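So the protein lines, in turn, are chains A and B.
When you read off a place in the first sequence, starting at 1, and then add 2, the result is the number in the working numbering.
When you read off a place in the second sequence, starting at 1, and then add 583, the result is the number in the working numbering.
Certain hints may be false.
[Unchecked claim] Taking lysine-lysine pairs in the BS3-like style, the calculated list, with each CA pair at most 25 Å apart, reads: (1) B:Lys755 to B:Lys644; (2) A:Lys10 to B:Lys711; (3) B:Lys723 to A:Lys10; (4) B:Lys697 to B:Lys723; (5) B:Lys642 to A:Lys154; (6) B:Lys652 to B:Lys612; (7) A:Lys220 to B:Lys687; (8) B:Lys716 to A:Lys154; (9) A:Lys220 to B:Lys644.
[Said to hold, decoys possible] Covered stretches of chain A (in silico footprint by chain B; criterion: 3 or more residues with CB under 8 Å from a CB of chain B, positions within the stretch not fixed): (10) 10-16; (11) 176-189.
Rather than coming from a laboratory, the hints here were simulated on the basis of the structure.
Note that the structure is predicted; figures quoted are calculated from it, not measured.
A virtual CB, placed ideally from N, CA and C, is assigned to each residue, including glycine.
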Amino acid sequence: MSSYALFKKDLASELRTRYAINSLVMFIVVTISVILFSIGNEKISDFLSGGLFWVVIFFSAMSGLSRAFVSEEERGTTLTLQLIASPTTIFSGKLLFNLILVFAMNIIIALLYSALFDSFVLKNLSLFLYAFVLGNIGIAIASTLIASIIAKASSKGTLYPVLSFPILLPLMLTLIDLTKQAMDGTTFESGYIELAVLGCYDIVMIAASFLLFDFIWKD
Amino acid sequence: MSSFELHAENISKVFGRRLIFKDVDFSCKNNGIYGISGPNGSGKSTFLKIISGIISPTKGKVTHSFDGKVVESEHLHNFLGFVAPYVILYDEFSAVENIHFFSKIRGINFTQEKFDFLFQHFGLFDRKDDLVKGYSSGMKQRLKYIFALIHSPKILFFDEPTSNLDNSGKEKVYQTINEESQNNIVIIASNEDSDLAVCSTVLELKNYKIAPKSENK
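Modelling step: build the complete structure from the supplied sequences, incorporating the hints.
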C-alpha cells in the first residue's frame, strides 16, 4: 500500500509539473516525424520497420524514464523520501510509476507507428503482444534501476543512455527478432525461446533491482 | 516514556580523501535533549545523518533499538523525525497534500486531531491549503516540524532548528523540543547559543573527535 501511495504522489506530481510527460510526447512526435521525412516515398523492409519501432521506443524511454529519480534529486527531495519510506517501498513505487508510463508511451508509439508506416503489418498479433508486454516490463525495470544510479551524477543526460544501452541491448535484440517473426507471421510456438528469454530477463532484472537498490539508495 | 536507544560505536566518516571524524562514540536512550556543536565543516550534519541511519559510516556501527529489540533499517524511518535546511518538501503540493501523502506513504493513519493541533501550534492553519512554493522560508521551516512530528517519532533530529524562524517561531520550536524531550530523544546540531541552551548535554565535534562541551542544565 505504501508503494501505491508513493505511486499516487508521483502521478499527482507529474500531472502538475509535467516533468516527464511533455518531454516524452514531444520526443515521440519528433522522432516519428523525422523517420517519416527521411524515408519519404521509399519502401522500407519489414525487418527495418520493426527495428526502427524499437529504436523509437528505446530513445523515448531514455528521454523520460530517468525522471522518476532525477526529478527528486533536482528538487532536493531525495532525503525527504528516505525519511518516510523504506528502500523497497521507494523502488516499488517508482517502478509502478515507470511501468504505467512505459505502457502508456509504447501503446501511443505502437498506434502511431501502425497508422503511419504501411510496412509495419503484424501477421501474428498475439506473438507481438506477448513480446510487447514482456519487453515493456523489462524496459521499465532496467530504466528505473539505472535512473536511481545516475540520479546523483552530474552529467545525468549523457550517462543514462550510455549506461542503459549495454543493459537493454539483449532485451532490444530479442524484441526486434520477435517483432520480425510477428511481422513474418511465423507460428506462436516458434517464438517460445525468445519469449522465455524475455521472461528470464525480467525476472533477473527485478531480482537484481531489489537486491541492489538498498545500496544505491543509501549512499 | 520511550524506550528507544541509540548506540554509535567507533564511527568514522571519510568523503573521498577528506576525513570528517574518526572513532566517534555516542549513546543516548529514553529521553532528553542532546546538543552537537562544532565549527563550520566539522561534520555536525554528517554526524546527524549517520546516527539517524540516512547515510552509512565509513567505519563503525550504529544501532537503534526499541523495547530492547534492534530496529531494522527497513523500519527505522517510522521511529525518527528529522528537521534540517536540506530537508525539502514538495513545492507543487499544498501543506495539507504534503502531510497527507507522507502519512499515506508511511502507512500511518491520518489523524485529523493531531494534524489540526500541529498546524495551529506552528501557525500555519490558515495557510494550510496554499502551495508550498508560495511559502516563505520561515513557513517552510515550520512545515518541516509538522512533517517531523505527525507520526509521533521516538527520536528527533534537528539540524539548525531555528534557521529562518522569527522570534515567535523560535519560541514554538523550543516549546516543542521541551515537550518532546519528556518522552522522546531530541538531538540538536547547532552553533546557536540559544539552541544549545535548551540541551541537557552538549557535545562538541572538533578535530575529528566528539567530546563533552559543557553541562548546561
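Given the hinted pair Lys652 (chain B) and Lys612 (chain B), is their alpha-carbon gap at most 25 Å? Since the Cα atoms of Lys652 (chain B) and Lys612 (chain B) sit roughly 13 Å apart, the hinted pair holds (cutoff 25 Å).
Is it true that the CA of Lys220 (chain A) sits at most 25 Å from the CA of Lys687 (chain B)? The hint holds at about 22 Å.
Does Lys723 (chain B) sit within 25 Å of Lys697 (chain B), going by the straight-line distance between their CA atoms? 19 Å, holds
Hint check: Lys642 (chain B) vs Lys154 (chain A), CA-CA at most 25 Å. Holds or violated? With Cα atoms ~23 Å apart, Lys642 (chain B) and Lys154 (chain A) stay inside 25 Å; holds.
Given coverage of the region 10-16 of chain A by chain B, tested with a Cβ cutoff of 8 Å and a minimum of 3 residues: Three-residue rule met by the region 10-16 of chain A, so holds; n is 4.
For the pair supplied as a hint, Lys755 (chain B) and Lys644 (chain B), confirm whether the alpha-carbon distance does not exceed 25 Å. Violated. Lys755 (chain B) to Lys644 (chain B) sits at ~34 Å, over the 25 Å cutoff.
Does the alpha-carbon distance linking Lys723 (chain B) and Lys10 (chain A) stay inside the 25 Å limit? Holds: Lys723 (chain B) and Lys10 (chain A) sit about 23 Å apart, inside 25 Å.
Do at least three Cβ atoms from the region 176-189 of chain A come closer than 8 Å to Cβ atoms of chain B? Result for this restraint: violated, n = 0.
Hint consistency between Lys716 (chain B) and Lys154 (chain A) [alpha-carbon to alpha-carbon, up to 25 Å]: Measuring from Cα to Cα gives roughly 24 Å; hence the hint holds.
Hint consistency between Lys220 (chain A) and Lys644 (chain B) [alpha-carbon to alpha-carbon, up to 25 Å]: 15 Å, holds
Decide if the proposed pair is consistent with the structure: Lys10 (chain A) and Lys711 (chain B), CA atoms, cutoff 25 Å inclusive. 20 Å, holds
The structure is inconsistent with the numbered hints 1 and 11, although it conforms to all the rest.
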